[in-house]
Every structure is written in structure tokens, then in C-alpha cells.
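Undergrad: Since the structure of chain F is provided, determine the placement of chain A on it from the hints.
These are the residues of each chain, in order.
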Amino acid sequence: MASEKPILYSYFRSSCSWRVRIALALKGIAYDVVPVNLLKDGGQQFSAEFKAVNPMQQVPALKIDGITLSQSLAIIHYLEDTCPNPRLLPQDLKKRAQVRMIADHIVSGIQPLQNLSILKQMGEKKMEWAQNCIASGFQALEQTLQHTAGRYCVGDEVSMADLCLVPQVFNAERFKVDMGPYPTITRINKALLELEAFKVSHPSLQPDTPAELRA
Amino acid sequence: MSSAAAKPILYSYFRSSCSWRVRIALALKGIAYDVVPVNLLKDGGQQLAIIHYLEDTCPNPRLLPQDLKKRAQVRMIADHIVSGIQPLQNLSILKQMGEKKMEWAQNCIASGFQALEQTLQHTAGRYCVGDEVSMADLCLVPQVFNAERFKVDMGPYPTITRINKALLELEAFKVSHPSLQPDTPAELRA
Chain F
1 MASEKPILYS
11 YFRSSCSWRV
21 RIALALKGIA
31 YDVVPVNLLK
41 DGGQQFSAEF
51 KAVNPMQQVP
61 ALKIDGITLS
71 QSLAIIHYLE
81 DTCPNPRLLP
91 QDLKKRAQVR
101 MIADHIVSGI
111 QPLQNLSILK
121 QMGEKKMEWA
131 QNCIASGFQA
141 LEQTLQHTAG
151 RYCVGDEVSM
161 ADLCLVPQVF
171 NAERFKVDMG
181 PYPTITRINK
191 ALLELEAFKV
201 SHPSLQPDTP
211 AELRA
Chain A
1001 MSSAAAKPIL
1011 YSYFRSSCSW
1021 RVRIALALKG
1031 IAYDVVPVNL
1041 LKDGGQQLAI
1051 IHYLEDTCPN
1061 PRLLPQDLKK
1071 RAQVRMIADH
1081 IVSGIQPLQN
1091 LSILKQMGEK
1101 KMEWAQNCIA
1111 SGFQALEQTL
1121 QHTAGRYCVG
1131 DEVSMADLCL
1141 VPQVFNAERF
1151 KVDMGPYPTI
1161 TRINKALLEL
1171 EAFKVSHPSL
1181 QPDTPAELRA
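Protein sequences, first through last, are from chains F and A.
Quick note: the first sequence uses the numbering used here, first residue 1, plus one each step.
Quick note: the second sequence uses the numbering used here, first residue 1001, plus one each step.
Hints were generated in silico from the structure; no laboratory data involved.
Note that CB positions come from ideal geometry on N, CA and C, so glycine has one too.
A couple of the hints might just be wrong.
Claimed, not checked - Sample of chain F residues lacking proximity to chain A, with all beta carbon distances greater than 12 Å (derived):
#: 1; residue: Ala61
#: 2; residue: Asp65
#: 3; residue: Leu73
#: 4; residue: Trp129
#: 5; residue: Gln131
#: 6; residue: Cys133
#: 7; residue: Met179
#: 8; residue: Lys190
#: 9; residue: Leu195
Claimed, not checked - The calculated lysine-lysine pairs, modelled on DSS-like cross-linking and capped at a C-alpha distance of 25 Å, are:
#: 10; chain 1: F; residue 1: Lys5; chain 2: F; residue 2: Lys51
#: 11; chain 1: A; residue 1: Lys1100; chain 2: F; residue 2: Lys120
#: 12; chain 1: F; residue 1: Lys40; chain 2: F; residue 2: Lys63
#: 13; chain 1: F; residue 1: Lys27; chain 2: A; residue 2: Lys1069
#: 14; chain 1: A; residue 1: Lys1070; chain 2: F; residue 2: Lys5
#: 15; chain 1: A; residue 1: Lys1101; chain 2: F; residue 2: Lys126
#: 16; chain 1: F; residue 1: Lys51; chain 2: A; residue 2: Lys1069
#: 17; chain 1: F; residue 1: Lys51; chain 2: A; residue 2: Lys1070
#: 18; chain 1: A; residue 1: Lys1100; chain 2: F; residue 2: Lys125
For reference, chain F alone in the conformation it holds in the complex:
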């Protein structure tokens, strides 16, 4: 099958884009990047050109196998369905549910509350707002992880939960959230950042990383 390389529409610092970059790296899938700058030109995600790619006007979007997908977890699930190794979901169904719960909590319960459009609304209060959202979300997550975590978020295998965790911790650091109350999150994040897939996909190493932020 002479398929073209997948194309990922991504912003270097978007945590949602990073999740997908990690998945692609873990699965060993080569892809091309089309950078979408969320800040320049009023936000390139709002261009008519990009709207044709993704009506939701958000990154990431992935062109693969003749279709265009958006929503990071939908994309990651598609990669999991079509490229099952290495697995990103445990075989045990209850552990699988735990992985999804943690991923959903980050993807629906934390990140959207501190994304660009909300922060714009918060004006001067934005730093405080972001810190509160993340702290509140991390407090709940820390408790959950105490029951589910092994080396990683759920047991000892890397899963979709871990793909969501690392970019969210990166956001927390950007917003200067005090990570002191979250030792489990901190430990797991550190262990994951030692893995190649989490390193090559890092915001500091992307084609659109500004020079001053490059690793």
C-alpha cells in the first residue's frame, strides 16, 4: 500500500499536540509536521485554510489513511486500533478503564479550563485561574494515582494516561504551579521523560520551536 506519510498539524507548545506526537513516536510512525502558530496573525488556527482541514479550528489534526482526524484521544485511539504495538491500553478491562479515566480527567477536566480561549477571557486573572484549575485537577489526580500507579500512571506499562500526564505537567510548570503536593505525579513524569518517545516529541525539539526555547 503506497500510502503517503501522515501529516500532523501541530503547535510546538500545545499539550494536545504533544500527546499525539508521543503516540506517533511510541508506535514508530514517521510523519510530516505542518506547524500552526496559535498566537501569530491572530492565531493561524482561525485561517480559512486551516478551517478546511479542521472545522473545530484546533490543533492537533492528523491527516492519515485518507481521512483527517482531530481531538487528541480520538487520534490516539485510531493509532492504537490500526497499529496495536506497542499497546497503549492494558488488556485488563478494569485497568483499561482506569487509563481512560485518567486520560479523560486531564483532557476534559483540566486542560480545556486553561486553554487559550479561556485564558483570554480571564485577562489579568489568567495566571491565578490556570494555577487553580491545574492544582484542583492535580489534587484529584494525585489521589487516583495512589491507587492505580506502578512505574507509570496505571501499573508498569506506558499507556494513554501517561501521554496525557507529561504535557499537562509541562503546562503546570509554565504556569508556575507548585508541584510539591503531587509527589506521585512528579515521580511518574520524571520516569516518562527518560523515555525516547517523550523526549523526541518535546516542545523544545519541534520544527516550529522558537530559537530561544530550543533544547
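TA: Relative to the frame of chain F, chain A by itself:
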């Protein structure tokens, strides 16, 4: 799942779109459950994990297509609603918006529905993706209910409106409706 297992317990708020999605799934799968009504819903956005678990453990009727691309479209639509629309108009955000809250909610929903209407024009058959009820449909109906609560003009979204109407004719979407829950206030009961 052992047959001697206790009935599942659903912590649910009658009007919460998150709870409603799960109630629909339980109704579609024919899973009896007990409800513990909760007034203050801790919205961690985890209902898709619950619905996926029900799908994994009780595969009939299926809520995800067998075709992997269609399956991805179902998840994309569900995620768009659950992560991209609903959290932006949840309780904690609305509190922050103070007087502007109605306008804010309308804008979030309108903006999200505009994108969704476009997507559905490529994916929809009788329902959100093709002709089978899926997780996308479970997310759509409660979000339209929210839109109506916030008085969003549904005129620009004919596909969403048509699909919503078709789904509300199905038993699972009716029995799980906010107007028919144990904790529905008398004045809002069907």
C-alpha cells in the same frame, strides 16, 4: 462480569449532560442500575471512560462502529463535545463569567455546534456517523438539551437538529431523560 455482581450504582444529577450520557449507554445496553442522586456534580469529564468500559464489557448493542475510520469519527465527535464544548460552559466557568454567563455559554455552544454541523455533513447518516447509534449520539443529545437551556438559536444547525430529533424517539434516550429521573424536581417532571 459475574452474574452475582451487585447492581451498578450511578451517581447522577438529573440535569447533568455528563450523567445523561452514561444513563443512555446503560439503557441501550440493558444494564439495570441504582441511582444515587448527587446535587453537586464533580465534573471530571470521565464519562467517556465509563461508556468505553460498558462497551468493552457489554458489547451488544455496539456503540462503536467496526470500521476503524468510522470509529475514529465517532470518537472525534464525542471528544469534541465532551472536551471542546461542555467544559467551557460548566458550572465553575459560568460562575467566573458572572453577568456575562448566558452570553458566554451561548457563544461556546454556538461556536462548537458550528464546527460540529460541518463535520456531521460528512459523517452523518440517520445518526451522527452512518445509521447506527454510537457514542457520538450519546454526547449529542445532552449537549442539545444544554443548548436549549441556554436559549441557543438552533436555526444554523439543521443536521444537529434532525439527528437530535431522531435520537429522542428511541426508548433509551427517553427513559434516561432529565425530566424522568429520581431526583427530577416536581416542576420539571415530564
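Undergrad: It remains to establish, for every hint, whether it holds in the given structure.
TA: For each hint, the structure was consulted:
1. The beta carbon of Ala61 of chain F sits about 10 Å from the closest Cβ of chain A, which is not more than 12 Å, so the claim that it is off the interface is violated.
2. At roughly 7 Å, the least C-beta separation between Asp65 of chain F and chain A is not larger than 12 Å, which violates its mark as non-interface.
3. The claim that Leu73 of chain F lies off the interface is violated: its Cβ sits roughly 6 Å from the closest Cβ of chain A, which falls inside the 12 Å cut-off.
4. Chain A draws Trp129 of chain F into its interface by the beta-carbon criterion, the shortest separation being 7 Å against a cut-off of 12 Å.
5. Listed as outside the interface, Gln131 of chain F is consistent with that label: its C-beta sits roughly 14 Å from the nearest C-beta of chain A, beyond the 12 Å cut-off.
6. The Cβ of Cys133 of chain F does not lie farther than 12 Å from every Cβ of chain A; its closest approach is about 8 Å, which violates its non-interface assignment.
7. At roughly 20 Å, the least C-beta separation between Met179 of chain F and chain A is larger than 12 Å, which holds for a residue marked as non-interface.
8. No beta-carbon of chain A is positioned within 12 Å of the beta-carbon of Lys190 of chain F; the least distance is around 24 Å.
9. Under the 12 Å C-beta cut-off, the non-interface status given to Leu195 of chain F relative to chain A holds; the minimum distance is some 24 Å.
10. Proximity of Lys5 of chain F to Lys51 of chain F is assessed by CA-CA distance (about 21 Å); at most 25 Å being required, the pair is judged to hold.
11. Using a Cα cut-off of 25 Å, the hinted pair Lys1100 of chain A and Lys120 of chain F holds, with the two alpha carbons roughly 15 Å apart.
12. A distance of roughly 23 Å separates the Cα atoms of Lys40 of chain F and Lys63 of chain F; the hinted pair therefore holds under the 25 Å criterion.
13. Between the alpha carbons of Lys27 of chain F and Lys1069 of chain A the distance comes to roughly 18 Å, so the proposed pair stays at or under 25 Å and holds.
14. Restraint check for Lys1070 of chain A and Lys5 of chain F: the C-alpha separation of about 21 Å stays at or below 25 Å, so the hint holds.
15. Taking the CA atoms of Lys1101 of chain A and Lys126 of chain F, the gap is about 17 Å. The hint holds against a cut of 25 Å.
16. Annotation: proposed proximity of Lys51 of chain F to Lys1069 of chain A holds, straight-line Cα distance about 21 Å (limit 25 Å).
17. For the suggested pair Lys51 of chain F and Lys1070 of chain A, the alpha carbons sit about 21 Å apart, so the restraint of at most 25 Å is met.
18. Restraint check for Lys1100 of chain A and Lys125 of chain F: the C-alpha separation of about 16 Å stays at or below 25 Å, so the hint holds.
The structure is inconsistent with the numbered hints 1, 2, 3, 4 and 6, although it conforms to all the rest.
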